[in-house]
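J.: Taken in order, these protein sequences are the chains called A and X.
Position 42 of the first sequence, counting from 1, maps to 42 under full-length UniProt numbering, and the rest follow consecutively.
Position 97 of the second sequence, counting from 1, maps to 97 under full-length UniProt numbering, and the rest follow consecutively.
In short, the hints are calculated from the structure, not lab data.
Careful: at least some of the hints might be erroneous.
[As the list claims (entries may be wrong)] Quick list of in silico lysine-lysine cross-link-like pairs, BS3-like style, CA-CA up to 25 Å:
#1 A/K34 / X/K135
#2 A/K9 / A/K28
#3 X/K69 / X/K116
#4 A/K34 / A/K20
#5 A/K34 / A/K45
#6 X/K135 / A/K28
#7 A/K28 / X/K69
#8 X/K109 / X/K135
#9 X/K135 / X/K115
#10 A/K26 / A/K14
#11 X/K115 / A/K45
#12 X/K69 / X/K115
#13 A/K14 / A/K28
#14 X/K109 / X/K69
#15 X/K135 / A/K45
#16 A/K28 / A/K45
#17 X/K69 / X/K135
#18 X/K116 / A/K45
#19 A/K9 / A/K20
#20 X/K115 / A/K9
#21 X/K135 / X/K116
[As the list claims (entries may be wrong)] These stretches of chain X come out as covered by chain A in the derived footprint (C-beta under 8 Å, 3 or more residues):
#22 10–19
#23 39–53
#24 110–124
#25 127–141
Heads up, the beta-carbon is just placed ideally off N, CA and C, and yes, glycines get one too.
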Amino acid sequence: MKAREMTIKESRQKLFADPKFQAFLKVKIDAAEKFLATADLSAIKARES
Amino acid sequence: MDLEFYPFYADDDRLYFDFLSVSPERTIRKAVIFTPLSAHEVFNLALVDVRPDGSICDKTISNNGDLEKVMATVFQCVAQFFESYPWADIYLQANTPARNRLYRIIISKELSRIKKYYEIYGTIDSVTETFEPGKEYHHYIIKSISI
Numbered sequence: 001m002k003a004r005e006m007t008i009k010e011s012r013q014k015l016f017a018d019p020k021f022q023a024f025l026k027v028k029i030d031a032a033e034k035f036l037a038t039a040d041l042s043a044i045k046a047r048e049s
Numbered sequence: 001m002d003l004e005f006y007p008f009y010a011d012d013d014r015l016y017f018d019f020l021s022v023s024p025e026r027t028i029r030k031a032v033i034f035t036p037l038s039a040h041e042v043f044n045l046a047l048v049d050v051r052p053d054g055s056i057c058d059k060t061i062s063n064n065g066d067l068e069k070v071m072a073t074v075f076q077c078v079a080q081f082f083e084s085y086p087w088a089d090i091y092l093q094a095n096t097p098a099r100n101r102l103y104r105i106i107i108s109k110e111l112s113r114i115k116k117y118y119e120i121y122g123t124i125d126s127v128t129e130t131f132e133p134g135k136e137y138h139h140y141i142i143k144s145i146s147i
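Produce the entire structure from the sequences given, and follow the hints as far as they go.
T.: Shown next as structure tokens:
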């Protein structure tokens, strides 16, 4: 279990150290931020209120 | 969910998961990453293929013949994420039309079961509505209703 725990942490560290992954994630995040800023989310807000 | 899924592992903060997609031809490590957005209650969900050296795989379609099982595993990760972040919303957008179609199929297939736990919204042309099976959404937002 400990060995597997190290493996997932190492896997995460390696992935986040990869510039291509960072570029991929930035594109995804920017698109998500743009979506949240511009989309009509009134259906969700109506359910929350 | 009743769909078959792969065993998966979660990092302690449950923002990073990985599992192995297995076919007779190859085994592909996949990672599910939740990233907080500037609206702090919203997290982006990303699914990526990871090379043996730990770097991201550029190919957008891995063609391992198990997309349904992969997506069922992703939704298991979503369930674990919500155990730690029940107040959060998850935003996801498919990389490809094929994957987007699969999101829609799996959500539709499991909707009667998962709607007890989640509110699912889909977006068409920037307008978000409660998810309805058969509609072609481009973005999805998932909210837990278990809190």
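J.: Against this structure, judge whether each hint is valid.
T.: Here is what the structure says about each hint:
1. A/K34 / X/K135: holds (23 Å)
2. A/K9 / A/K28: holds (22 Å)
3. X/K69 / X/K116: holds (22 Å)
4. A/K34 / A/K20: Roughly 21 Å between the alpha carbons, so the hint for A/K34 and A/K20 holds.
5. A/K34 / A/K45: holds (18 Å)
6. X/K135 / A/K28: Roughly 23 Å separates the two Cα atoms, so the pair holds.
7. A/K28 / X/K69: holds (23 Å)
8. X/K109 / X/K135: Holds, at roughly 13 Å.
9. X/K135 / X/K115: Holds, at roughly 17 Å.
10. A/K26 / A/K14: Given that 25 Å is the threshold and the Cα spacing comes to 17 Å, the pair holds.
11. X/K115 / A/K45: holds (18 Å)
12. X/K69 / X/K115: holds (20 Å)
13. A/K14 / A/K28: holds (19 Å)
14. X/K109 / X/K69: OK: X/K109 and X/K69 at ~13 Å, within 25 Å.
15. X/K135 / A/K45: holds (21 Å)
16. A/K28 / A/K45: holds (23 Å)
17. X/K69 / X/K135: holds (22 Å)
18. X/K116 / A/K45: OK: X/K116 and A/K45 at ~19 Å, within 25 Å.
19. A/K9 / A/K20: holds (19 Å)
20. X/K115 / A/K9: Violated. X/K115 to A/K9 sits at ~33 Å, over the 25 Å cutoff.
21. X/K135 / X/K116: Distance ~21 Å between X/K135 and X/K116 Cα, so the pair holds.
22. 10–19: With 4 residues in contact (Cβ-Cβ under 8 Å with chain A), the coverage given for the region 10–19 of chain X holds.
23. 39–53: This one holds; 7 residues, not fewer than the three required, reach chain A with a Cβ under 8 Å.
24. 110–124: This one holds; 3 residues, not fewer than the three required, reach chain A with a Cβ under 8 Å.
25. 127–141: The restraint on the region 127–141 of chain X holds, since 6 of its residues have a Cβ under 8 Å from chain A and three suffice.
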